Every structure is written in C-alpha cells, then in structure tokens.
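Chemist: I would like the entire structure built from these sequences, with the hints used as guidance.
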Amino acid sequence: MEQTNFQLKKQDAQSHEWDARLHRATRATREDWIGRGISYLCIGVIILVVASMLWFITSKGIATFTQNHVSLWKFLSGTNWAPDQGNIGALPMIVGSFAVTFAAAIVATPFAVGTAIFMTEISPNKGRKVLQPVIELLVGIPSVVYGFIGLAVVVPFMRHLVGGSGFGIISATFVLFVMVLPTITTMTVDSLRAVPRHYKEASLALGATRWQTVSRVILRSATPGILTAVIFGMARAFGEALAVQMVIGNAAIMPKNLISPASTLTSQLTTGIGDTIDGTLPNNALWSLALILLLMSLFFNALVRFIAKRGQLKNGR
Amino acid sequence: MGAKRTDFIATVIIDLIVAAVVGILAFLLAYILISGLPHVSWSFLTGTTDAFSGAGGIGVQLFNSFYLLVLTMLISIPISLGAGIYLAEYAKDNWRTSLIRSAIEVLSSLPSVVVGLFGFLLFVVKFKIGFSVISGAIALTFFNLPLLTRNIEESLSAVPRNQREAGLSLGLSKWKTEIGIILPVALPGIVTGIVLSAGRVFGEAAALIYTAGQSAPVTNFSDWNPMDPASPLNPFRPAETLAVHIWKVNTEGLASNAAQLSAAASAVLIIAVLLFNLGARVLGNFLYRRVTASK
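Residue numbers (our numbering), protein chains in the order written: chain A, 840 to 1156; chain B, 2 to 296.
To be clear, the hints were calculated from the coordinates, so they are not data collected in a lab.
The model shown is predicted, which means the values in this text are computed figures rather than measured ones.
Stretch by stretch, here's where chain A covers chain B in the computed footprint (C-beta under 8 Å, at least three residues): (1) 112-122; (2) 143-157; (3) 263-274.
Cβ coordinates follow ideal geometry from the N, Cα and C atoms, glycine included.
Modeler: Here it is, written out as structure tokens:
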C-alpha cells in the first residue's frame, strides 16, 4: 500500500515535471519571439517615420492659417508672393508646378509609349540589349547633373532660339521630360508585357497588321497601366526640386508665357527655407508650400490606387 | 493597302522615337564626359575647395559623399531587413498590413525635398544638432527605407515555398529558417537592390541641402578619432557632398570657372553612379552563381 503510494507520488512528480517541460517554450519558440520582436520593431520604426513626417509637415504647414491668420483662399489664389511684406499668394508657384508637370508628361508620354512598344512588340531583342541599359542609365543620372546640363545646354539654346534669358517653364519642361521618360517607359513596358498573349494572337489571326494590333488591342487593354505610369511620372516631375530650380529662373511671379522666368513650389522651397527664421510668417508660408507638395503626393498616390482598382474590376469582368 | 501603309508609317515613327531616346542618352553622357573629364585630375580629386568662391578641388566633398553613403547604409540596411522580413514572413493579409504597405508607398512617393525638409525640421531646428553628417545620413535613410524594404520583401517572397517548409520540418524556428535558409537564397537580389540604392543615395542632393549642409570645412585627414571636431569621421560636422557641391557651384557659386568645375564634378558623379550600376549587376550575378550552384 505504502509502496504504491510512493510510486504514485513519483509518477505524479514525473508527470508534473513533464507537464512543466511541455508547457515551457522551446528554444525554437523563443527564437521566434525574438525574431518577431525584431521585425515588428523595424516596421514600427518605418511607420513612426511616416506618421511623424505627416504630422510635423501638416502642423507646420497649417500654422500660416492658424497662427498668422492668413485666409486659405488668399493663400491659394493670391498672385503676389512677398512674404517679407506679409503678401503670401502662392498661386504663381502652384501654376508653375502644374505647368511644368503637365508639359513634361505631355511631351514624355508619346516617347515613352513609343519606346515601350519598340521594346515589347517590334524588337524585344534590341529592347533588352540596348534600350533596357539606356533606360537604366537615364534613371541613374543624378538630378543635379540633369540640372547642370539644363543650365549649360538647354538654357543657352532657348536663349538663342527665342531670346530672353532662356530660363523659364519651357527649359524646365525639357529637363523634366528626360527625367520622367525612364519612369514612364519602364512602367509602360511592364503593363504592355502583362497583356495576355492570346489577345495579340487573336488579333493577328484575324489578319490585323502589327500596328492595328498594337493600337487597337494591346494599348487598349494596357490603358490603366499606362495611365498609372504617366501619373508616376507626373508625381516625379511635381516633386523634383534641384534640376527645376536650376533652370526655371526662380521668379515668384505669375508666368506670362513659357519663356519667362517662373518658379515652382519646390524651387521656392529650396531657395527660401534657409533664409527665413523658424516660426515667422515667411517661414510658415514656405511650410505651407511644402504641405501642398505633400498633399499632391498623397493625391497622386490615391489616383494610382483608384486606377489600379478600376483596372482590376475591368479585367475581372 | 491602307492598313499596311499605316503599319509601315507607325513603325518608322516608333523607330525614330527610339533613335531619339538613345540619342538623348548618348548626348548626355558624351557631353558630361567630354566637357568634364579633361578637367579631372588627381589634384582636382583630392584638392580642397575655396570656401568663398567654391573653386578648387573636390577632395572633401568626395569623402563626404562616401562617408554619408556608408553611414546611411549602416542605418538603413538593418531596419529595412527587419521590415522586409516582417512583410514577407509575418504580415497577415489584413487591413493592418495593407495600411503598413500604404505607409511605405507614401514614404517612397514623397518628393525628396520634403524628406529633406522634415530632416531639417527634426534635427536642425528641433534637436538643434545643426547641419551635420548624422542629420544627412538619417534623412537619406528616410528616403532609402521604402525602396530597400520593398526590394528585400520581393527578394524574400520570390524564394520557393518548399525551402521554407524544409526548414520548418527540420524543427527550425520561423526566424531561423528565414535567417539561415531563405536569406542566403534571396541574397543576390537583395545585394543588387542595395547597390542600386547606393547609386541613388550617392547622387541625391535635395534631401541633403538642409540636413548635411552646404559647407565642407577642411578636415584633418590624419585625425581619425570620430569625437574630434576636426576629424573627417566626426558625425556632427557639416558635410557638403559632391552632388550638393554641383548644385551650389551652379546656383550661387562665384567661381569664374563654374561650368568647368561642375562639368568635371558631374563627370566624377556619373562615373561613380555607373560603377554602382555595373557593380550591382556583376555582384548580383556572382552571388547568384555562388548560392545556386548554377553555371
């Protein structure tokens, strides 16, 4: 009797120990906790950066309206930018930014789509061997180098061609055209490649020529992708600072024509932010320009998402 | 006949467009190299800049560019590696993950001047660190993180599922599987992405103007104590990089030979970026062969 009791106790103790061991986390589990912790921490850092960036720039940008009591409408529609005298009409910069962005996109899109068609439909081999590296190199050239070439080549050229100083929207358009070309081309190539092969085969089998196939079938079904590409290009043009700032002339006045000095949101920011004192109206006004840049970047982002969603719906049907 | 003729004309037009694009690149490269390289000399590469006019050599700027690049990579690689592993391995397909992905997308689409201004606001205005190497490196990290993270995630996700299953079935933890099995396989893609992003960081200027600053104080290159104010390694000194130097010489430089100077500096910058691009390809291929044992 006593012996069995003893045995039972022993068994009990053993099972307790096993129980504890089974319930204790293994080394692998603990490793996994640590690993999970590290990766959560890293993603947390990124989220923190994004959140604080949005918060700081927004709070700085609205100070013009909350602390200096400038009316939002006056800021957006005023054409007189002289922050030292309290005049902060941002319209010249807004118009300048949109003008160079749209002009660059309009010039670059035909080139980009043509190049993309060449790379995917006409000569994939040459496309891979010659054009792929060309595009990659164009992406790799730093923006200050584009600005320098704009200053050394495009501006004098425009001066000869149309007179004036040579600085202006048209010079900026030229520079931005080359800068957004690789962005739009690469993404257009991707969307052309994503067109199902049987679309093309069906069209060719009906006796359509290559151009008929490209223009009526391939481009048609790749339209959402091409639009996305153009928007990405525009986002890049809108946010580009130094290359534009070097060739546009930086005059904060309403652009009367394409060849007179103008300015953009980015160019005004780069030239101005170092000369103003934190917390004053001229400084806050510049942060408001930065806020417009931020909002436009968010807008481009949302637009891309919207188009992607529409494209998916269309293909799903 | 009409359709064939249109087809012919369209093909000719596309050929012309392509010729124009190739021509533009050829012109750009030829212009920079022809007008810049003759002025590149050893004394230009190692000389110091005249602080007032901006004329002179680019030794300090070149060093600053590399130093900033190294610091940026030291900060951004671990963070983006962790974030990439999270997205590839731990993230579930739910609203939280898609929020995180949108945040990363927003960060990557922000103009670099906005990122630079945020760095300026945070480090120079709020923390009062001043224009310094460390402010510049962190601003560049912000700008580099989304691209690297996405690249690492894509490289990790491209690894076949059965490699993961093999690791887990051996009783390894998820983390160990990721670090010990998946990461080495994904390494070629990751390294290519890192080197390419290094090229981007090297040429970036807009994010640095108001963080790393626009002055390059002459440093004492025999003093390698990072705590010493005169040391080139001191992370709290202002550091104008090569790209910022080109911008500055062109916009407010008083040097009489500003065009020559910036052509030469651009040539150096372009060659460095080309080397990064080439290096990415060579290194990626080499690692791929080493890891996959394919010929």
